[in-house]
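J.: Protein sequences, first through last, are from chains E and W. Residue numbering for the first sequence follows this note's numbering, starting at 71 and increasing by one per position. Residue numbering for the second sequence follows this note's numbering, starting at 189 and increasing by one per position.
FYI, nobody ran anything at the bench for these hints, they're computed from the structure. Keep in mind that the hints are not guaranteed to be accurate.
[Unchecked claim] DSBU-like, lysine-lysine: derived pairs with alpha carbons at most 30 Å apart:
no.: 1; chain 1: W; residue 1: Lys271; chain 2: E; residue 2: Lys296
no.: 2; chain 1: E; residue 1: Lys157; chain 2: W; residue 2: Lys271
no.: 3; chain 1: E; residue 1: Lys178; chain 2: W; residue 2: Lys271
no.: 4; chain 1: E; residue 1: Lys263; chain 2: E; residue 2: Lys157
no.: 5; chain 1: E; residue 1: Lys157; chain 2: E; residue 2: Lys178
no.: 6; chain 1: E; residue 1: Lys296; chain 2: E; residue 2: Lys263
no.: 7; chain 1: E; residue 1: Lys263; chain 2: E; residue 2: Lys221
no.: 8; chain 1: E; residue 1: Lys178; chain 2: E; residue 2: Lys221
no.: 9; chain 1: E; residue 1: Lys178; chain 2: E; residue 2: Lys263
[To be verified] Listed next, with one range per pair, are the computed distances between beta-carbon atoms:
no.: 10; chain 1: E; residue 1: Gly213; chain 2: W; residue 2: Leu374; range: 28 to 36 Å
no.: 11; chain 1: W; residue 1: Tyr430; chain 2: E; residue 2: Gly141; range: 18 to 26 Å
no.: 12; chain 1: E; residue 1: Lys157; chain 2: W; residue 2: Leu370; range: 53 to 61 Å
no.: 13; chain 1: E; residue 1: Ile156; chain 2: W; residue 2: Val218; range: 23 to 31 Å
no.: 14; chain 1: W; residue 1: Met272; chain 2: E; residue 2: Ala83; range: 40 to 48 Å
no.: 15; chain 1: E; residue 1: Val354; chain 2: W; residue 2: Tyr430; range: 49 to 57 Å
no.: 16; chain 1: E; residue 1: Ile156; chain 2: W; residue 2: Val305; range: 35 to 43 Å
Just so you know, even glycine gets a beta-carbon here, dropped at the ideal spot from N, CA and C.
The primary structure of each chain is shown beneath.
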Amino acid sequence: MSETGTTLPQAVAPPPLVRVEGLTRRFHRRTVVHPLDFEIRRGEVVGFLGPNGAGKTTTMRMLTGYLPPSGGRASIAGCDVIHDPIKARRHVGYMPENVPLYTDMRVKEYLRFRARLKGVRGRDVRERARHVMDECGLSAVRGRMIGTLSKGYRQRIGLADALINQPDLLILDEPTNGLDPNQIRQAREFIRKLAGTHTVLLSTHILGEVEQICDRVIILDEGRVKAAGPPVELIDGLRAAGIVRVELACGDPEAAIEAFHEVEGVRLAEVDEAGCEEGWCAFVLRAESGLDVRENLARLAAARGWPLRELHRQPPRLEDVFVEITHRPGR
Amino acid sequence: MQAARILFRRELQAIAYAPGSHVVAAVFIVLQGVGYVAALRPFLDSPQSRGLLEMFFQGPLFWIPFLVLVPTLTMRLFAEERKMGTMEMLLTAPVRVRDVVVAKFAATFVYFCLLWVPGFLFLHLHGWVSGAPPVFETGALLATYGLVLAMGAMFLAVGCLASAMTTSQLAAGIMTFGALMLLILLAQLPPTLGQMADPVQRFFFYINSDAHLRDATAGLLDSRPFVYYLSGAGVLLAATGYALNARRWRS
């Protein structure tokens, strides 16, 4: 403490809660996760995106200490997940995909069991279990056998389990997987509520969700970080990219698509069947980032003599970033 | 060890709630009863050179239920947990693989011990009903039950290892049964093989469970089988932990 006591030491950034350095994982000589580096600061909500098989689950499992990495290091709250896995796990609440549970236990019984296992002290066990059941909307089914509950409830039990020992970090692997739209909305609301008080790493396929909840996004593809940053920045990075809608009258849509592909900056052109009517054909085009293809398209239509009645660029969304980064023809 | 204790309680509860374990218990106790009657029967007709204890613990009516009991108790342990994915829930909590192995083995062993209680009572039944002096030495009885439990510890450990090696309960059960049959039958080889070197013969005697049991029922307490069974159980449980870890490293 300084004598004056008026100024705090100049912004010493607190150490990140999660630090991942060169984390690698191989299965049978196939590298699933290439050296991976990222950090998560306390209080952040980070979205893990990527196509199936991109290495999201593998990375999460390595962070929880379930899968030992083939190389590199990772630490949570200063505890190395490889050398000090038990300590590191005390800081993590993990909800795996599909939420495996003991179906022969009652909800409250299971949560008390998990609380004890995670080191919650004897007299606090009941209190914590009651608290997370209230928080996750499980009070009505507290005495039911887990095996008789629906997917939505099981998902909530998984979440309650992850929260039970008040961990620093929540790792949620596709928390909305397999839920119906109402449940997805509830889950999203709930995660958003958690975001204020917890550090969260979550993976999902629902990009709208990420855009709304996450402070930062890490896009993985084939085990590599392809992009990372706040969703807004990623979208800005695309600038003119995104989707262009074209509606014109042409005899042969196939020929038009072929012509579109020759236009500089067009990555993907498809007929929008729903928009086609009486000689008019609608197309959806995906543009390369950094290029505005509208001018070229107008010129093309004029040159071919195709009457053009719509040329509209939709502002890019996170989905466009995702497709831009991870799309490969034939996949 | 805190974690192991919590898991042990959960495991005992799982055994108590599973209908399967009660079926196993019922069948086993009935078979023990049949074995007891079969052991008593010859005494009706003529005096026997062997005691009741020896008759009860020898022959197929002892071995077959025993060899079926072990796999049915152990096959579920790790295979189901891995198949359901709940192993992931366990090992992402602050729990060591060692804790899981110890807890599951200990709970199964406790249940296994309980299953021998009725048989123990059968043996006393005779005395209680007729008021006659016991037909066996207390020492021999304790030696026999001690040996059976030690043997059980190793056999259950065989089952643990098999269950940790596969996600199929059935495969685990069959593997365990096969391995135990082999363990029992292997010791019966020497007479069929003819003359053998002394160390080899000693080895076969060392692993001859049937002979150990015969000695114990005759009131001969030998420490060697106990060393064999308990160290065997230790090694097999260590291997179980290793197998579970290896799964995580590979798959």
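J.: Work down the list of hints and note, for each, if the structure agrees.
T.: Against the structure, the hints come out as follows:
1. Lys271(W) to Lys296(E): violated, 33 Å
2. Lys157(E) to Lys271(W): Judged against 30 Å, a Cα distance of about 27 Å means the pair holds.
3. Lys178(E) to Lys271(W): Holds - the C-alpha atoms of lysine 271(W) and lysine 178(E) are around 24 Å apart, at most 30 Å.
4. Lys263(E) to Lys157(E): holds, 27 Å
5. Lys157(E) to Lys178(E): holds, 26 Å
6. Lys296(E) to Lys263(E): Roughly 29 Å separates the two Cα atoms, so the pair holds.
7. Lys263(E) to Lys221(E): holds, 21 Å
8. Lys178(E) to Lys221(E): holds, 17 Å
9. Lys178(E) to Lys263(E): holds, 23 Å
10. Gly213(E) to Leu374(W): 28 to 36 Å: Roughly 51 Å apart at Cβ, these two residues miss the hinted range, so it is violated.
11. Tyr430(W) to Gly141(E): 18 to 26 Å: This hint holds: roughly 22 Å between Cβ atoms.
12. Lys157(E) to Leu370(W): 53 to 61 Å: Roughly 43 Å apart at Cβ, these two residues miss the hinted range, so it is violated.
13. Ile156(E) to Val218(W): 23 to 31 Å: Given a distance of about 45 Å, which is not inside 23 to 31 Å, the answer is violated.
14. Met272(W) to Ala83(E): 40 to 48 Å: Given range 40 to 48 Å: holds, Cβ gap about 43 Å.
15. Val354(E) to Tyr430(W): 49 to 57 Å: Between valine 354(E) and tyrosine 430(W), where Cβ atoms are some 55 Å apart, the hint holds.
16. Ile156(E) to Val305(W): 35 to 43 Å: Cβ of isoleucine 156(E) to Cβ of valine 305(W): about 37 Å, so the range 35 to 43 Å holds.
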